[in-house]
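Colleague: Going down the list, the sequences are from chains A and B. According to my numbering, the first sequence is numbered sequentially starting from 1. According to my numbering, the second sequence is numbered sequentially starting from 1.
Worth flagging that the hints you see were computed from the coordinates, not collected in a lab. Given the structure is predicted, the values throughout are model-derived calculations rather than measurements. One should not assume that every hint holds.
Claimed, not checked - Quick list of in silico lysine-lysine cross-link-like pairs, DSSO-like style, CA-CA up to 30 Å: (1) K2(B) / K17(A); (2) K37(B) / K127(A); (3) K37(B) / K2(B).
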Amino acid sequence: MRPFTYERATDLAAAVKAVAENPGARFLAGGTNLLDLMKLDIEQPTHLVDVNRLPLSAIEDTVEGGLRIGAMVTNSHLAADARVRARYSVLTQSIVSGGSGQLRNKATTGGNLLQRTRCAYFYDTSKPCNKRHPGSGCSALEGLNRNSAIFGASEACIATHPSDMAVALTALDAQVETVTPQGATRTLAVADLHRLPGDTPHIETNLAPGELIAAVILPPAAAGGQVYQKARDRASYAGGLASVAVVGTKVAFGAVAHKPWRAEKAEAALAAGASAVEAAHAELAGARDNGKNGFKIALVARMTVAALDEAKQGRGA
Amino acid sequence: MKTTITVNGQARALDLDPRTSLLDALREHLNLKGSKKGCDHGQCGACTVLVNGERINACLSLAVMHDGHEVTTIEGIGGEANLHPMQQAFLEQDAFQCGYCTPGQICSAVGMLKEAADNWPSQATEDLGAAIALTDAEIRERMSGNICRCSAYPQIIAAIRDVAGEVA
Ligand SMILES: Cc1cc2nc3c(=O)[nH]c(=O)nc-3n(C[C@H](O)[C@H](O)[C@H](O)COP(=O)(O)OP(=O)(O)OC[C@H]3O[C@@H](n4cnc5c(N)ncnc54)[C@H](O)[C@@H]3O)c2cc1C
Ligand code: SF4
Ligand code: FES
Ligand code: FES
Numbered sequence: 001m002r003p004f005t006y007e008r009a010t011d012l013a014a015a016v017k018a019v020a021e022n023p024g025a026r027f028l029a030g031g032t033n034l035l036d037l038m039k040l041d042i043e044q045p046t047h048l049v050d051v052n053r054l055p056l057s058a059i060e061d062t063v064e065g066g067l068r069i070g071a072m073v074t075n076s077h078l079a080a081d082a083r084v085r086a087r088y089s090v091l092t093q094s095i096v097s098g099g100s101g102q103l104r105n106k107a108t109t110g111g112n113l114l115q116r117t118r119c120a121y122f123y124d125t126s127k128p129c130n131k132r133h134p135g136s137g138c139s140a141l142e143g144l145n146r147n148s149a150i151f152g153a154s155e156a157c158i159a160t161h162p163s164d165m166a167v168a169l170t171a172l173d174a175q176v177e178t179v180t181p182q183g184a185t186r187t188l189a190v191a192d193l194h195r196l197p198g199d200t201p202h203i204e205t206n207l208a209p210g211e212l213i214a215a216v217i218l219p220p221a222a223a224g225g226q227v228y229q230k231a232r233d234r235a236s237y238a239g240g241l242a243s244v245a246v247v248g249t250k251v252a253f254g255a256v257a258h259k260p261w262r263a264e265k266a267e268a269a270l271a272a273g274a275s276a277v278e279a280a281h282a283e284l285a286g287a288r289d290n291g292k293n294g295f296k297i298a299l300v301a302r303m304t305v306a307a308l309d310e311a312k313q314g315r316g317a
Numbered sequence: 001m002k003t004t005i006t007v008n009g010q011a012r013a014l015d016l017d018p019r020t021s022l023l024d025a026l027r028e029h030l031n032l033k034g035s036k037k038g039c040d041h042g043q044c045g046a047c048t049v050l051v052n053g054e055r056i057n058a059c060l061s062l063a064v065m066h067d068g069h070e071v072t073t074i075e076g077i078g079g080e081a082n083l084h085p086m087q088q089a090f091l092e093q094d095a096f097q098c099g100y101c102t103p104g105q106i107c108s109a110v111g112m113l114k115e116a117a118d119n120w121p122s123q124a125t126e127d128l129g130a131a132i133a134l135t136d137a138e139i140r141e142r143m144s145g146n147i148c149r150c151s152a153y154p155q156i157i158a159a160i161r162d163v164a165g166e167v168a
């Protein structure tokens with residue numbers, strides 16, 4: 001691992017300033033993604049600002065009747081929270097489907113949202129990758145792209161975002177509260193946090209350099225069942241090949257795009273009275289097969305129908 | 001960088017390169033070789049230790065992040081003279097072959113029983129509102145972060161079931 005300097009932040013504004021003013025600096029939360037990528041020389045920060053001791057570890061009720069989840073709340077604590085289990089069960093379901101007990105005890109809400117792709121070529125520093133080295137090319141386009149995106153990809157990058165939690169948050173219409181480098185607080189929808197790759201796959205989010213995620217805000221729970229389904233190569237401790245989150249008639253897909261994919265066409269079809277099968281097909285009509293990832297199209301369609309069905313029967317309501 | 005970590009009940013003052021993982025600090029600086037390095041990437045669980053009572057992968061954490069924390073390694077769980085019930089159960093159920101994954105399995109199992117006692121859910125939990133019953137399916141799912149290359153899984157589950165039964 002390359003050398004870096006380390007500081008333990010005790011003040012939120014100072015932490016933001018420290019990262020915003022130093023292009024080589026990064027926030028360090030659980031470290032389960034960042035340290036892994038640093039060991040592989042994919043991430044090369046020169047300074048780490050450890051945000052674990054900032055007072056961002058509470059889950060609080062909001063006046064609107066939702067929840068405000070501090071960015072440093074661990075995935076385990078969030079999944080186990082009684083309010084989350086009772087009112088936002090899709091969030092618990094999604095979190096416990098990811099990683100292992102050990103990883104969830106360390107991983108944080110903010111870090112989970114900002115984890116990077118698991119594209120095999122992004123991890124292989126001997127291969128071209130536009131995300132690691134802008135302009136070097138995309139090895140996945142014609143390569144082993146079984147786990148690549150079927151929605152919203154570009155000629156520059158067909159990687160997916162691997163977070164399970166973010167898919168549930170998207171279906172729940174959650175918001176992200178941040179502190180900008182100027183010290184202001186702003187909120188944006190989780191659905192607007194990540195970007196599609198376009199020509200700049202190395203720019204993954206709409207956050208400014210040094211902008212800190214302070215919290216995730218859940219609106220009051222929507223009516224209807226809540227279901228998270230994940231397909232993968234092993235029964236546990238494996239990233240998703242595809243996942244589906246359903247909250248009432250809201251639908252989001254995971255591991256199929258550069259961001260959690262809000263299935264707006266499926267939602268519109270459902271609102272117009274379409275069946276679950278018709279709604280799934282309305283969305284999947286826009287999917288693209290790159291050679292080895294085409295199986296995801298039928299897979300996601302079937303998972304969507306199953307998840308909508310389960311939600312309709314009241315699971316997780 | 002100066003860091004003090006309480007390891008197995010004893011405060012240990014360290015002066016570390018910030019790059020040092022918690023695992024390397026334990027093994028190379030404190031000579032506690034029980035925690036194992038299997039993959040160094042969070043993919044196997046051999047490095048599992050308890051930090052403030054919760055199990056984590058020591059390979060994916062920097063030692064300097066743990067200033068002031070309490071870390072328990074397999075050496076602190078129990079030794080030959082005072083085996084922890086989980087260690088005893090692993091012996092009785094023949095829950096290892098080469099033994100490389102075992103310290104991580106045992107630390108993980110101890111942390112896992114506390115999580116279940118605190119009613120934390122897992123992917124195997126069908127009713128998120130009910131009290132957790134540690135069925136074999138629950139034990140298997142909750143221990144999925146610990147890989148055993150010798151595949152002693154049936155015996156590992158039996159050992160954990162024995163201890164969970166005692167505790168319940
Ligand atoms: C073996 C393995 C299996 C996994 N399987 C799954 C899986 O099945 N499903 C899944 O969803 N995930 C999986 N993960 C990924 C895991 O969920 C993430 O590594 C974790 O959620 C990242 O959180 P962290 O707090 O450790 O982030 P870190 O590694 O600390 O940070 C990640 C990134 O976010 C930035 N960051 C962190 N916090 C903030 C903040 N508050 N504001 C701004 N920036 C911030 C950091 O600078 C860094 O760039 C797996 C990981 C491993 C190692
Ligand atoms: S899909 Fe994206 S991350 Fe993967 S090789 Fe291509 S550019 Fe890199
Ligand atoms: S060595 Fe830490 S998980 Fe494998
Ligand atoms: S006993 Fe050999 S790896 Fe588990």
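Colleague: Compare the structure with each hint and give your call.
Modeller: Here's how the hints hold up against the structure:
no., hint, in the structure
1, K2(B) / K17(A), "24 Å, holds"
2, K37(B) / K127(A), "27 Å, holds"
3, K37(B) / K2(B), "24 Å, holds"
Hint violations for this structure: none, all hints satisfied.
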